[in-house]
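Peer 1: So you can see what is in the structure, the chains are spelled out below.
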Amino acid sequence: MDVLKEIHSGPILSERDFDLKIFAPRLQEVLKAHDVKYDPKNPVPSDDGLADDVWKAAQTFYCDVGTYCLDTERIVRFDENDVALTLKTAPSEFTFGEGKQRKTLAQRKPEDGTPPWCFLGAGGAAVSSEANLLSLVQNYAAIPVINSLTSPALTAVDGVRIAGGSPLEIYGAIRAIGLARQALSRAGKPGLPIMNCISTASSAIATIAASQPQFGLRPSDGWLCGAIAEMKVDYGVLSKGAYLLSWGANVGSETAPVLGGYAGGPEGTALVNTAYSIMGTVIQKASYQLSFPMHYKFGCNTDRQTLWSISLSGQAISRNSALPLFILAYLASGPMTDMVLYETAAWVIAAVASGAHIEAEGVCKATHIDHFTPMEPGFAAEVAYAAAGIKRSFANELVNRLLSKYEEKIKNPPVGMTYQECYDVRTGKVHEDYLRLYSRIKAELEDLGLEFKY
Amino acid sequence: MSSLDVTKRALAGRICSERDFDQKVFAPRLTEALKQCEIKFDPAVLIPAQDSMADDLFKAALGFYADVGTYCLDTERIIRFDEGEIREGLRNAPSQAVFGEELDAGVFKPRQPEGKELPWCFIGAGGAPVSSEEVFLSLVQGYGAIGLADAITTPELTMIDGLPIRVRTPLEIYGSIRNAILARDALRRAGRPGLPIMNALATAASDTALIAALHPMYGLRPSDGYFVATMAELKTNYELMNKVCVLTSLGARIGTLAGCVMGGYCGGPEGTALTVAAHHAHGILVNQATYHLNHPAHMKYISNSGPEMLWVISMYAQAISRNTRLLSLSLNYTSAGPATDMVLYEIAAQVITAVVSGVSIEAVGLARAVHIDHLTPIEPKFAAEVAHGAAGMKRTDANEIVKTLVKKYVDKIPNPPTGKRYQDCFDLRTGKPSHECVEIYTRVKKELEDLGLQFKY
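Which chain is which? The protein sequence lines are A and B, in order.
Residue numbering for the first sequence follows our numbering, starting at 136 and increasing by one per position.
Residue numbering for the second sequence follows our numbering, starting at 46 and increasing by one per position.
Honestly, I wouldn't trust all of these hints.
Covered by chain A, according to a simulated footprint, are these stretches of chain B (three or more residues, beta-carbon under 8 Å) [to be verified]:
(1) 217-227
(2) 256-267
(3) 287-298
Treat the hints as calculated values from the structure; they're not laboratory data.
We put the beta carbon where it would ideally sit given N, CA and C, even for glycine.
Generate the whole structure from the sequences, applying the supplied hints.
Peer 2: Pasting the structure below:
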């Protein structure tokens, strides 16, 4: 309610003026004042002082710039002391899931030996059929270390393509929730939390409608409320928050600064991503931050510059804030390619060594229907467990080696194969070729010095 | 016909601009349909007693709806049903429904013109706005204390924690949640925790706010009633269809709400009566309704207590109640406000007309339900008593009483007294009415008895 009061009384400004006269110039000033510089040789920096500087700069930046509300065309700003107090007093542990799958999520630190929370699945990518959704989710749930599910999105209901904002979106969202819960029960993990509620729902109304507990969601699941790039919200985001917080549901602040947009280069993107963590606590009252900075040109975040932004902001947030941070990656390439596993390894190592948890993952930029399988998140989980506790300098070395294997292909990546080409949808068995590829890349990583735990 | 099937038709039906639908489809077909049934408004007979006229109107309304359909504003397409589908929908529509819980549960049944069955008394605020939670609580507690209340229509909150509630903002969500919680609390205080709220939810205009407030934590139940409006005339949009989609998925009972405008595309009283009857077909098919709430309105006066509007109410009510088993209610909007003689005359005229014509009542939208706090529990209590008194009365007798009542206020409709606010009529702390209010109520009730209405209470 306090945020809403501010959103209806803050200073009025056009969106263009907010972007060009407030956000962009202030970002440049703060970056200059703190002398943050991108270092392409070190995609995983090891400088604690730099991470803490970025945190301080992000605090100053956020208090100066605030959050812009697109519907009221007003800025919400908070006093630096109030922000500091909110951050200090914010809860740091959150419980997700039910029964045997119930678990507490807490912040990690850089080089932390604690395994990251493995939030695994489709990253909200779209499937062509309900059969694929059921089979995929059942197989995601079978990944041994999975802590929560990121479910795919349906594209049709009873043969009719889902149109955003229409009642079909609501039907689709309700159907997707029912199917996901059914698949989790089939996998013997009925209590596993779904933490990307609700991938089939792009509008606030569809999210709120399908969140009625009668359709299967529980407060111990997690709902994503996305900020709008950069540092903006609208009534849709706020409405979701108002509804969810009123009944004690877990809200995830979903943030995706655009490298090459108003956030500028890697330095600005790192700073803005860090500022989003503050906004998540102050505005969205989030239980977790889900961050996926994106390269404006490649539509993925496994390139060198974006990995540096992810790593630096991850360290800044995890060293200075209590809010658990997830990194979600969007990969350039698709299933059953060498590249997809190299990309997965690179971003997971960078994220985990920098103090983040993982959401794995948006394969093939999550834009190709059915182009994802349980092999990629399964691989991400194995890498994540192996990367827990490694030094950032070693992580940097590994990521540099991996980048050299795929960096050149990002502009024109292989889209790979569909789920139904990689798996037998009926039995859930993976193709032998993919198993061989998986083992080969895992062996390559072992040769590079990564010690797999399983 | 499921709501998903209707959605598919909204996405695949014939494309048409809204203007063309109004002017090239709706209006000319209405004129043709009226020519065929040849019904005529007669100012000397506000409650016609000619069954064949009602039956003709019903047949014309069905044919008209089959020709015209419902227009979807978002897809700019027409959702059409053939006459067979409409008749099947009418056959399969609920012909009775249980609302409420435990001691306060009741069965809402259809009625007939001149039927002795007591009308379903859905009473309260008619969704009118209140200034504070204090007024809201006190009013709803007062409504709950009315013994004849079968269901409650709550007021609309206008403020939440000192902020004015704006539609389609998160404030509307907070306001709607508060509306649900306060209404349940007030009914519990009145000793009637199971009484159904059948206008869920007055504070929620948008789909998002209504659906957000449906979370069981806030107290609404499937045995309450949920409104889905129709846009004038015979139009819907995604927002309304979204409500239908969620409510049907939850197994909640939907009330379709239609406020046909006399003087708009409906034309005069004849066209308005026919359109209201046609809205019932729209209600069962597009809105998947269990009950049908109609509040035809005069374009200029907004209220529906004028002689033409009473004729409209009587005609559509007889057409529907004689030819279907639908659960139909008439909601009255008065011109005058609380603590005036006029408001009670208007209510008596409207309620007698509706009840003897075969439908139940929602009472009451006072002073057109636009003046904040201009509502009290006396008027809905009076309406329920009149409704029970009018059950079983002959249409010809009712016509005489109504004509006498109309003469008392018809000249004041263009410039009616807005009356007093709740806090000026009642003691907010004790919920007791002022001496003046009781005196007006007693006096007008006596006048009605003198006119021949036999009160049961």
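Peer 1: If you count the residues of the segment 256-267 of chain B with a beta-carbon closer than 8 Å to a beta-carbon of chain A, do you get 3 or more?
Peer 2: As far as the segment 256-267 of chain B goes, the hint holds, because 6 residues have Cβ atoms under 8 Å from chain A.
Peer 1: Can you take a look at whether the segment 217-227 of chain B is actually covered by chain A? Rule is 3+ residues, C-beta closer than 8 Å.
Peer 2: holds (count 3)
Peer 1: Examine the segment 287-298 of chain B: at least three residues should have C-beta closer than 8 Å to a C-beta of chain A.
Peer 2: holds (count 6)
When held up to the earlier numbered hints, the structure conflicts with none and fits them all.
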